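Asker: Residues per chain, in single letters:
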Amino acid sequence: MSWTQLSLTKAAMIACLFAFAGGSAQAQTATASAVGDAARGAALYERRCTSCHALDVNRIGPLHRGVVGRRAGAVPGFNYSPALARSGLVWTEANLNRWLSGPPRLVPGTRMGLSVPVPAERADIIAYLRAQGAAPR
Amino acid sequence: MPTSPLMPQRRKLLGGAMLSLGGLLALANTATPASAQGRRMSHAAQDAELLNAAIALEHEGIAAYQIAAESGLLAPPVLQVGIRFQGHHNQHRDELIAGVRRLGGTPVAAQTNAEYATAIGAASLRTQADVLQLALRLERGATNAYLGLVPPLHNADMENLVARLAADEAYHVAVLANALQQEIPVAGMMFG
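These protein sequences, in sequence, are chains A and B.
Here numbering that gives the first Met the number 0 is used: the first residue of the first sequence is 0, the next is one more, and so on.
Here numbering that gives the first Met the number 0 is used: the first residue of the second sequence is 0, the next is one more, and so on.
Derived from the structure by calculation, the hints contain no laboratory data.
Worth double-checking, as some hints may not be accurate.
[As the list claims (entries may be wrong)] Quick list of simulated restraints, FRET-style, between CB atoms: (1) 84(A) / 42(B): 20 to 28 Å; (2) 93(B) / 84(A): 42 to 50 Å; (3) 128(B) / 75(A): 32 to 40 Å; (4) 82(B) / 133(A): 22 to 30 Å; (5) 183(B) / 118(A): 19 to 27 Å.
[As the list claims (entries may be wrong)] To be clear about the criterion: a stretch of chain B counts as covered by chain A if any three or more of its residues have a C-beta under 8 Å from a C-beta of chain A, and this derived list gives those stretches: (6) 69–80; (7) 93–101; (8) 170–181.
Note that the coordinates shown come from a computational prediction; the quantities given were computed from them, not determined experimentally.
From the three backbone atoms N, C-alpha and C, an ideal C-beta is built for every residue, glycine too.
Pulled out of the complex, with its shape left as it was, chain A reads as follows (with noise of 0.2 Å):
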């Protein structure tokens, strides 16, 4: 292998290494989330969210309880954005947090327009939203 050859490799395995930092960068988001207070997420889900949502039943936007995990557009009976609909997106927590800081930059053409700008708020929220359980069958 020649010095350049080997230059290159070297080259490569860096832009690897920041390939990874970018993944763990991600994964920090999503811890981000994950450690949200629940308590101050019900005051701010209250807030912020329920003027259109409601955990157990359907209003402007879909019911709530059992949103970690569950696919976007998959609640019965709620007439989604076709937009959302397609979107092939599962609401992890790392999805919920980026809906939350700007939904119409996650899913151009979705009907919910108000974001929740601060980070912690965001974690807070998401945690409530976990603590809230599945849904009942």
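Got chain A sorted already, so can you dock chain B onto it with the hints?
Answerer: Showing chain B alone in chain A's frame:
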């Protein structure tokens, strides 16, 4: 310009690195969804979708006041206030519908009052105070929803519209809170 014989290898190596990043993102299920990758939505179309949520909110509010009016729980003066507020919401709905149409969208239709009754928990209403509390909660929610709609909108006329709607809803909140003899909030920044 001479072509470096190393260029193909460089591309191959860097391509491998990019694939690693893509693979990691896919594994984390945080990749950009197909809807966001493949299409660019016009600002007008996006605004119309956002305003459709506001129309849905107004449909619900109109139905809530109708359910309250038919509940038999309201004293005549309170009923008159409710009917006046319902008239405001009818006007809001009509303004939003006109806005969606101007943007080239299709306004969402109302559901049945029975569906709205379930959605707002009307079965649990027992007293006039219950009705007023429900109305206050819905009006406060509407105020916050309209304030939250201003930043993502692109059309200045629509931004102005939803700001005016937020102001109307805040007026309703003040009247209802007064009817319920709630204390004036100590802190400002009451909404949003």
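Asker: State for each hint whether it applies.
Answerer: Verification of the hints:
One distance hint, 20 to 28 Å for the beta-carbon pair residue 84(A) and residue 42(B), holds here, with the actual separation near 22 Å. A beta carbon spacing of about 28 Å between residue 93(B) and residue 84(A) contradicts the range 42 to 50 Å that was offered as a hint. At roughly 34 Å, the beta-carbon separation of residue 128(B) and residue 75(A) lies within the given 32 to 40 Å, and the hint holds. Range check, residue 82(B) to residue 133(A): about 42 Å between beta-carbon atoms, so the 22 to 30 Å window is missed.
About 32 Å separates the C-beta atoms of residue 183(B) and residue 118(A), a value inconsistent with the hinted range of 19 to 27 Å. Counting residues of the segment 69–80 of chain B whose C-beta sits closer than 8 Å to any C-beta of chain A gives 0, which falls short of three, so the coverage hint is violated. Against chain A, the segment 93–101 of chain B contributes 0 residues with a C-beta closer than 8 Å to a partner C-beta. That does not satisfy the three-residue criterion, and the hint is violated. Coverage of the segment 170–181 of chain B by chain A is violated in this model, with 0 residues showing a Cβ closer than 8 Å to a Cβ of that chain against a need of three.
When each numbered hint is compared with the structure, violations occur for hints 2, 4, 5, 6, 7 and 8.
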